[in-house]
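> Given next are the chains, with one letter for each unit.
Protein chains: 2
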Amino acid sequence: MTAPAANLSAADYAHTLAVQARKAGLAMAQVPGRVRNDALKAMAAGLRQRAGEIVAANALDIADAKSAGLSAAMIDRLRVDEKALGKMAASVEQIAAQDDPVGQTVWSSVRPNGMRVERRRVPLGAVLIIFESRPNVTSDAAALCIKSSNACILRGGKEALRTNAALGDAITQAVASAGLPFSAVQMVTNPDRAVVNDLLKQVGLIDVAIPRGGESLIRAVVEQARIPVIKHYAGNCHVYVDAGAANLERMARDICVNAKCQRPGVCNAAETLLFHKAVADRLLPLVCADLAGQGVEVRGCERTRALFPAAKAATEDDWRREYLDLIVAVRVVDSLDAAIDHINTYGSAHTDAIVTEDVFAAEMFVARVDSGNVMVNVSTRFSDGGEYGLGAEIGISTDKLHARGPMGAADLTTTKYIVTGQGQLRG
Amino acid sequence: MTAPAANLSAADYAHTLAVQARKAGLAMAQVPGRVRNDALKAMAAGLRQRAGEIVAANALDIADAKSAGLSAAMIDRLRVDEKALGKMAASVEQIAAQDDPVGQTVWSSVRPNGMRVERRRVPLGAVLIIFESRPNVTSDAAALCIKSSNACILRGGKEALRTNAALGDAITQAVASAGLPFSAVQMVTNPDRAVVNDLLKQVGLIDVAIPRGGESLIRAVVEQARIPVIKHYAGNCHVYVDAGAANLERMARDICVNAKCQRPGVCNAAETLLFHKAVADRLLPLVCADLAGQGVEVRGCERTRALFPAAKAATEDDWRREYLDLIVAVRVVDSLDAAIDHINTYGSAHTDAIVTEDVFAAEMFVARVDSGNVMVNVSTRFSDGGEYGLGAEIGISTDKLHARGPMGAADLTTTKYIVTGQGQLRG
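Heads up: the sequence lines are chains A and B, in that order.
For what it's worth, my numbering labels the leading residue of the first sequence as 1, then goes sequentially.
For what it's worth, my numbering labels the leading residue of the second sequence as 1001, then goes sequentially.
A portion of the hints provided could be inaccurate.
[Stated by the list, open to error] Cβ pair distances, simulated, as ranges:
(1) A:Asp317 - B:Glu1093: 48 to 56 Å
(2) B:Phe1182 - A:Asp337: 17 to 25 Å
(3) B:Gly1179 - A:Glu215: 50 to 58 Å
[To be verified] 30 Å max Cα-Cα, derived DSSO-like pairs, lysine-lysine:
(4) B:Lys1023 - B:Lys1158
(5) A:Lys277 - B:Lys1023
(6) A:Lys23 - B:Lys1023
[Claimed, not checked] Covered stretches of chain B, as calculated for chain A (at least 3 residues, CB under 8 Å):
(7) 1059–1073
(8) 1087–1099
(9) 1146–1154
(10) 1367–1374
Hints were generated in silico from the structure; no laboratory data involved.
Keep in mind the model is a prediction, meaning the values are calculated, not measured.
Think of the CB as a built atom: it goes at the ideal place given N, C-alpha and C, for glycine as much as any other residue.
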């Protein structure tokens, strides 16, 4: 990596990174899969070999975070030890072992005049990833961009500045030693917020920004960006217990509890449960009692409170909330249609599940719920690139354009039409 | 169509259209392909049956355009006669006959825990199309949106207001008679520019805007939009005559002339020709003489002017120009790399062609030219949805995200992950 000089202004620093990324991206488009995979293997080896200095840099960040009074949860997310580095390296090796996402012909046609039209999968070019403290994103994001023949610019949280600098150094050295362009992976080492804002305006040089973190980070990125952004703001996920769940008491209880409680602080945890009126009398009290037994606060509509008096009264605001906590909103609905309308009105288009044995209800739910992930008789917690078998994920999209749901390496590609002929002219 | 009341403010009118489109879009997701195709056939029949009133409405628009002093070319683009309506109807019937772009499983995996993960092609939802005077866009755009199970809002040029109102009335009546939602196709009948600007801000209701027209229209849309936009600004297309074209004199001459002259006013016409120095001495004067013979003004670099003295001097600005006219910029380059760099620096990432018999040069050009359409030994004029066999096109994208190149019905879809299980929980 030829790092921009330290004395540049934020605007010049950002522009220099972007120009280098554009150039590296064009060169990356020609790098064969074998070379990219060798670079990934070198990167995994580098992470293991340089564990000592990375952990030492991390200790400095952790010490600062403690003095700054960061929460124990945030410090935990920031921590990198030898075991964590081993996992990061293993993830990079798994990405190396995946099929090459670029170069495939996704559509082709030989036209009556003899010319061949082919739509081929090609890299996007330059990808900007903006993330908060988890340092494992650094290696996953770099690896997925290399796998998909993209150049990348990585901007981590300022709490992890020294950790990311050490990781970035290990990664870029490994990648360059394997023959990739020097600027294929660039780490933003200037923590000035103005650099990010300038990077987000490099139209024509950076092809997409992918922010990962809390809703306020994502909103700030969208607000500043003039380049395309792929994002998800929040996960207000639902489990709907259908009339057709009358014989599925065990499954309804297990899925609701798993979706809410197994890891409440993540985006694919359930926030609202909906019960069809035909099964609410029997199933709602059982599910709510299970949840209360796990320490969950239940906030319900009038009908919920009649069936489960311990519930607090839910307000309109509760239907929109992503609690990320042991709180759940519960509502009784009159029909499948009402459940779908509730989800499409209040949800975040992330992940929504139905519990039913009625195949027509399942079909209707799948067709009409306008979310990136729709689950039938499965916990919402499975909405994840790893669980889907995509390998590591670069993020999750609740957008509809380009990519939707968990995003793997193939989602970092676009297509190009290639037309080959023998001198055809248009008449 | 339940048209919004005429006395609404621009903001309320736009919001009403958007709410209706969102609702219709959700309903369209469930409409079977047979019903959508029947609606398209009814639409084609409606265009033919109501030709009299549409042509009469068009005559009023044409009369106004003449009084307003519009150019003959613009009036020509505005004109709709019975023959044009017949072509529009035939195009709609062709779209009806295409394969259904929605519902396909594009990827699937059965996970070790037995759950099935499927990525299925689904409609986007609600599409806003903003276009200038050509009324045939009205029927093509409506038909492609219906084919892809989307609701649409169509906003044509104000010169064609009465023509589009008559077309819209014929289309929406036909569509509703076939059983589609009333608001599946909505025509913006209020010419106030504020309505468009408000429509472009309906985040969560309208899923994408596709502007079609001149660069100033597109820039205004991008500037105003808070919803995603798929677009192309301009077509600064290149033909590069490679060192490997030494034995392809006839092909080089024919492709350059066809790309520049066959229809100079359109986006896939060539604007700049590049010659490798090894063949420039012999081929450049022949090609330039051919072009001059067709009335083309040649603007060249120093080396071009030495070989073809009739050429005017090109400035830096000429390399960036989309002339849309009988003018061409010509440059001699030292290498294939220099040609690729020129195209990636000055081009518009639309369509670029190489003429060569060198397979390695062709491969390098295809891999490194960062454009949506790359042609080998074919005229740039073939960059077109119809020529590619996609059927009618909703537009052309020079963006990289979501869709790139000519866009057919399949480009109006997104995907959704559908996960089906038997009560799986995450551990």
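> Are the hints correct? Go through all of them and say.
To see whether the hints hold, each was checked on the structure:
no. : hint                             : verdict
1   : A:Asp317 - B:Glu1093: 48 to 56 Å : holds (51 Å)
2   : B:Phe1182 - A:Asp337: 17 to 25 Å : holds (18 Å)
3   : B:Gly1179 - A:Glu215: 50 to 58 Å : violated (41 Å)
4   : B:Lys1023 - B:Lys1158            : holds (27 Å)
5   : A:Lys277 - B:Lys1023             : holds (24 Å)
6   : A:Lys23 - B:Lys1023              : violated (45 Å)
7   : 1059–1073                        : violated (count 0)
8   : 1087–1099                        : violated (count 0)
9   : 1146–1154                        : violated (count 0)
10  : 1367–1374                        : holds (count 7)
Hints 3, 6, 7, 8 and 9 from the list above are not met by this structure, while the remaining hints are.
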